[in-house]
Amino acid sequence: MNPISSDAPHALVIDDDFFIRMEVIKVLEDAGFCVVDAEHGDAAFELLKARHPQVVLLFTDVEMPDQLDGFAFAHKVALSWPHISIVVASGRRSPGPGSMPEKARFIAKPVNAETVYGHLQEILPNQQKARTTQQKSFRPLTVKQLTADHP
398 MNPISSDAPH ALVIDDDFFI RMEVIKVLED AGFCVVDAEH GDAAFELLKA
448 RHPQVVLLFT DVEMPDQLDG FAFAHKVALS WPHISIVVAS GRRSPGPGSM
498 PEKARFIAKP VNAETVYGHL QEILPNQQKA RTTQQKSFRP LTVKQLTADH
548 P
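Count along the sequence shown starting at 1, add 397, and that's the number in our numbering.
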C-alpha cells in the first residue's frame, strides 16, 4: 500500500467480489486516492452519508446483492451528492439510454488500470487530475495468480 496523505482525495469502491474490489482499490491508491470500500450498496450508502464531503469518486459494480443495482445506486448518489464523480463497471451488463447519470462513465470488466486512469482524467475536477498522472504499471490478476502457492 502507498502512504496516503491526509489531504488525499477519497474514493468509495463497491463490489461484492472481494478480488475485484481489491484490484480496483489498488489502482485507485496508486492514483493517489484514500479508498474506502463496501461489499454492497446499503453499506456504501451509510459510508457516503458519513463521509460525503471527503468522497470525490464513486466506483461501483452494476451487479449488487441489494434491491438497487449499480446503475440505480449511481443515480441516487448523483442526486444526493452531485460533487461525486461516478464510474460504473460491469462484465455482464452495458448501460442503456438513461441508465446512468449524465456525467458518469462506464467501464467494461475486467478492469484495466489504464482505462480507469483515462476515465479519471475525463471526470475529475482539475485539482484532482494531477494526482492521477503518476500512475504505476498494473496488470489485472488472474484467478490462477491469486490461488497459486508461492514458496
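No wet-lab data here; the hints were simulated from the structure.
A couple of the hints might just be wrong.
Across the chosen pairs, the derived CB separations fall in these ranges [to be verified]:
no., residue 1, residue 2, range
1, Ala440, Gly488, 19 to 29 Å
2, His449, Ala469, 29 to 39 Å
3, Pro462, Ser491, 17 to 27 Å
4, Glu519, Pro450, 20 to 30 Å
5, Asp404, Glu460, 12 to 22 Å
6, Asp404, Gln464, 34 to 44 Å
7, Glu511, Gln464, 29 to 39 Å
8, Asp404, Pro494, 34 to 44 Å
9, Ser477, Pro522, 17 to 27 Å
10, Pro450, Pro494, 10 to 20 Å
11, Gln464, Pro492, 27 to 37 Å
12, Asp404, Arg490, 14 to 24 Å
13, Ala447, Leu476, 34 to 44 Å
Here are the computed lysine-lysine pairs in the DSS-like style, where the Cα-Cα straight-line distance is at most 30 Å [what the hints assert, rightly or not]:
no., residue 1, residue 2
14, Lys423, Lys473
15, Lys506, Lys446
16, Lys446, Lys423
17, Lys506, Lys473
18, Lys506, Lys423
19, Lys423, Lys500
20, Lys473, Lys446
21, Lys446, Lys500
22, Lys500, Lys473
Predicted, not measured: the structure shown is a model, and the values here were computed from it.
Cβ atoms here follow ideal geometry from the backbone N, Cα and C, with glycine treated the same way.
Do the hints match the structure? See the list:
In this structure the supplied range 19 to 29 Å holds for Ala440 paired with Gly488, their Cβ-Cβ distance being about 22 Å. For His449 paired with Ala469, a C-beta distance near 18 Å fails the hint of 29 to 39 Å. In this structure, Pro462 and Ser491 meet the distance hint of 17 to 27 Å, their C-beta atoms being roughly 21 Å apart. Checked against the hint of 20 to 30 Å, the C-beta distance between Glu519 and Pro450 comes to roughly 23 Å, which is consistent with it.
The beta-carbon spacing between Asp404 and Glu460, approximately 34 Å, falls outside the hinted interval of 12 to 22 Å. In this structure, Asp404 and Gln464 meet the distance hint of 34 to 44 Å, their C-beta atoms being roughly 36 Å apart. For the pair Glu511 and Gln464, the supplied restraint of 29 to 39 Å holds, since their beta-carbon distance comes to about 34 Å. A C-beta distance of roughly 39 Å is found between Asp404 and Pro494, which places it inside the suggested range of 34 to 44 Å.
A beta carbon spacing of about 18 Å between Ser477 and Pro522 agrees with the range 17 to 27 Å that was offered as a hint. Take Pro450 and Pro494: their Cβ atoms lie about 32 Å apart, and the range 10 to 20 Å is violated. Against the hinted window of 27 to 37 Å, the Cβ-Cβ separation of Gln464 and Pro492 comes to about 19 Å, which falls outside the hint. At about 36 Å, the CB distance of Asp404 to Arg490 disagrees with the hint of 14 to 24 Å.
Under the hint 34 to 44 Å, the C-beta atoms of Ala447 and Leu476, about 18 Å apart, miss the expected range. Note on Lys423 and Lys473: the hinted pairing holds, with a Cα-Cα distance of about 26 Å set against a maximum of 30 Å. With a C-alpha separation of about 28 Å, the suggested pairing of Lys506 with Lys446 holds against the 30 Å cut-off. Restraint check: the Cα-Cα separation between Lys446 and Lys423 comes to about 24 Å, which is no more than 30 Å; the hinted pair holds.
This hinted pair checks out: Lys506 and Lys473 have alpha carbons roughly 22 Å apart, not beyond 30 Å. For the proposed pair Lys506 and Lys423, the alpha carbon gap of about 16 Å is at most 30 Å, so the pair holds. Our distance criterion of 30 Å between C-alpha atoms is met by Lys423 and Lys500, whose separation comes to about 24 Å. Proximity of Lys473 to Lys446 is assessed by CA-CA distance (about 12 Å); at most 30 Å being required, the pair is judged to hold.
Between Lys446 and Lys500 the alpha-carbon distance is near 21 Å, which keeps this suggested pair within the 30 Å criterion. For the proposed pair Lys500 and Lys473, the alpha carbon gap of about 13 Å is at most 30 Å, so the pair holds.
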